[in-house]
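J.: Residues per chain, in single letters:
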Amino acid sequence: MRGVCGGLPCAQSFFVASCGRSANRLRMADFNQRADTGASFRQCLLELKWMVATWVVFFAWVIGYSSVAGYAVAEQAEVQMVWGIPRWVFFGWLIPLGAANVFTVWFCLCKMQDEPMEELPEDMP
Amino acid sequence: MILATTEATAGNAALVSFCIYTAVVFALAWLASRKRAGKSFMNEYFLGSRNLGMWAFAFTYAATSASGGSFMGFPAKIYTYGWVMALWIAGYIVVPLVAMGLISKRLNQVARKSGSITVPEMMRKRLGSPTVGQVATVLLVFFQFFFLLAQFKAGAKIMTTLLGDVGVFIAAKDTIESVLQPLPWIGGSGVDGAYYLCLGVFAVSVVAYTAWGGFRAVVWTDMMQGAVMLVGVVILLGLALTQVGGLANATREVAKMVPPEEGVLRMEVNAKTKLSQGAWFKLETDEWVKYFRVKKDTEVSPAKGGGGDEVDVICLPQPTDAEVKAIEKQMGQQSVAAIPFVYQKESDYKYGAGKQGVYVSAPGPSSTEAQGFLPVMMAMCFFAFWPFAGSGQPSYMARQMAFKDTVTLRRSIVFVMIYFSLIYFPLIIIFTCGRVLLPGWEIDSDRIMPEMAMFLTSNAGAPWLAGLLLAAPFAAVMSSVDSFLLLFSSTITRDVYQQKHPDASEAKLKKVSYAVTIIMGVLAVVAMLKPPQFLQDLIVFGSGGLAASFLMPVVLMLYWPRLTPMSTVAGMVSGGFTIGVIYLVGFFVHGKFGGFPLLGLHPFIWAVAVSALVSVMAVRFSKPTDPELVEKYFGKVDGRPGIG
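Keeping their order, the protein sequence lines are chains L and A.
The first sequence: position 70 = 69 (numbering that gives the first Met the number 0), numbered continuously.
The second sequence: position 440 = 439 (numbering that gives the first Met the number 0), numbered continuously.
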């Protein structure tokens, strides 16, 4: 069903390499087991809550900071810069972008769980 | 003469790039059609047998997402409004996680469990109601068609720029103009042969490879197109930063700029004189200098009553040193006779006129809104719009049904995150530099992307590179159009034709699928023979309508066991209806097609809120979903379905 890397299933070895934790602790799904619809649904719902919470945090950061710093510097010819970028863009967008990227990597590689995929039923229109 | 040679070289390079690009696209379609042999037609043709690996899934998602808007409209906005566009696009920092992650895993599971190939089919089977599927099909086809139309025009326009200087193209254009001129409706003296030629070539090529290769061809070409976009942006970034003298220099120069004025030059000529779009004129005293740029090709005639003939221009009232240097260089290359003129100002920017710093701060300059381009409330709306509207697009949902396992999903989100960071941040830098290097393109800001590509590569002594760079926006448009065409084809074949003919053979289904793709392509071409002016508004209306109709019903369908068929229909219809009403109000208030920002909020926010409220409220008054279906899709906990 899937490839094997150095004795470990690919997904597990990827996890171990990415997070430095044991695959068991990360509650990896066994791809060969039958899908547990209820458990899978609850896990998806939990991940959805994480994602909505993430959006709220970054919304508060970007809009909160930029609505103060970005609008306050309007009509000033002398611009404060960090690495050639307006200071309010740097702290209100570029740093959040970096933080969001780090969080996304952590969430996708260490937090999101794998689920066994459903077998396809016979094609019925 | 040197400039003409350079442009011709770039044009030939563009033609060669275009031919190679088209050949590769058709080769991929051929390979995809061979791969289809021996597999279930519907599953393979429309979902690639649900076997997409990381590279394919990530690239097709990213390439479909980056449409013509990303490479034509977005650069134009950066050029026009400056650094505030970072705040406008800020929601993209969570798009990979939220738009891809919010529903992907669950959507893929439900689609597999139900054996669904299309979004309407999945909704119908999950809720056990043909009505849900029918309403979803109608809304999907209606709103998606607006989106498709805009991409056809964008594709034709990019091709026009790409091939404009090629001899063969000019000859073909002249022939088409002579054929079309006598025709009613599209004919006349002002017929644009280049546009019609490009529209035809674009439509034939994209319809042919989509119909021939199906989903797998679309995904493979998306991979190639995604790579072309990335390479193009990285090269443009390097060239722009080198030629502008560094980002800090560009931002300092942009901070000194003030928005242009709109006005007319009254010119007195003795004989008819043609002025090309982009021609510069100068007015100076010992204390100040002003530059004027012609907005469109104009023929100036000797005025009969005195006072001179009028030419529409923009005026740069306080040019910076960098602008003066760039404009003088361009004026040195133009061949316009000295014509006496008088300038008459007609309008100013409503926000930012005469003020420095507006291009490096929020809300950004605006020629139409006194509160500026991006008031705080609108910035908040866009932060919600990008990730959540992305989740609600059926074209993305189709891709989310097709990845092979959750490892693919997790890795793809990380890949798309890196990809978007490497596309959107550099685009802001490139076109901030564009303001300094190519002043005055407010006359036709949609052309700034190809103009920058031509300018940067010519300056770097590598005009042949323009072909590759201009292939990037073209690839972006093509990758969106092929996905939309396939979405129509799958929806109409599966949810309309196969519902009426459940025993139809694979051969028959193939014919129907090909026919639908061709018919939709032909309809789009016919609709775009006379393209409307408010095309960008059509894109926003189409994508907003899709998200308003599908986001909340699909999310609730996947995560809320109590959702009923009637409440789903109510949620979809109310979302789509609300968007329609808001645009209707906008039309009556502003006199043009566009959304009305009630209480300063984007129409999408209102429509999604109404859709969510109606969906939840309607559950109370409607017949519950079949408990067996709820158990099938949500499982059981303590004897109850799911967690409901």
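It is worth saying that the hints were derived from the structure and are not from the lab.
Any given hint could turn out to be false.
[What the hints assert, rightly or not] In the BS3-like style, the derived pairs of lysine-lysine whose C-alpha atoms are separated by at most 27 Å in a straight line are:
#1 Lys344/A with Lys48/L
#2 Lys271/A with Lys255/A
#3 Lys38/A with Lys499/A
#4 Lys403/A with Lys48/L
#5 Lys529/A with Lys499/A
#6 Lys273/A with Lys354/A
#7 Lys507/A with Lys38/A
#8 Lys271/A with Lys110/L
#9 Lys110/L with Lys112/A
#10 Lys110/L with Lys403/A
#11 Lys112/A with Lys635/A
#12 Lys289/A with Lys349/A
#13 Lys289/A with Lys344/A
#14 Lys273/A with Lys48/L
#15 Lys328/A with Lys349/A
#16 Lys48/L with Lys631/A
A quick note: this is a predicted structure, and the numbers were derived from the prediction, not measured.
J.: Is Lys48/L close enough to Lys631/A, meaning Cα to Cα at most 27 Å?
T.: It holds: about 23 Å lies between the C-alpha atoms, which stays within 27 Å.
J.: Given the hinted pair Lys403/A and Lys48/L, is their Cα-Cα distance within 27 Å?
T.: Answer holds: Lys403/A to Lys48/L is near 24 Å, not above 27 Å.
J.: Is the hinted pair Lys271/A and Lys255/A satisfied, with a Cα-Cα distance of at most 27 Å?
T.: violated (39 Å)
J.: For the pair supplied as a hint, Lys110/L and Lys112/A, is the alpha-carbon distance within the 27 Å limit?
T.: holds (25 Å)
J.: Below or equal to 27 Å on CA atoms is what counts here, so check Lys273/A against Lys48/L.
T.: violated (62 Å)
J.: Does the structure keep Lys273/A and Lys354/A at a Cα separation of 27 Å or less?
T.: violated (34 Å)
J.: Would the pair Lys344/A and Lys48/L pass a check requiring their Cα atoms to be no farther apart than 27 Å?
T.: violated (55 Å)
J.: Holds or violated: are the alpha carbons of Lys38/A and Lys499/A at most 27 Å from each other?
T.: Status holds; Cα separation ~23 Å.
J.: Between the alpha carbons of Lys271/A and Lys110/L, is the straight-line distance 27 Å or under?
T.: violated (72 Å)
J.: Would the pair Lys112/A and Lys635/A pass a check requiring their Cα atoms to be no farther apart than 27 Å?
T.: Holds - the C-alpha atoms of Lys635/A and Lys112/A are around 16 Å apart, at most 27 Å.
J.: If you draw a straight line from the CA of Lys328/A to the CA of Lys349/A, is it 27 Å or shorter?
T.: Cα-Cα ~31 Å, so violated.
J.: Starting from Lys529/A, check that the Cα of Lys499/A is at most 27 Å away, please.
T.: violated (35 Å)
In summary, the numbered hints that this structure violates are 1, 2, 5, 6, 8, 14 and 15.
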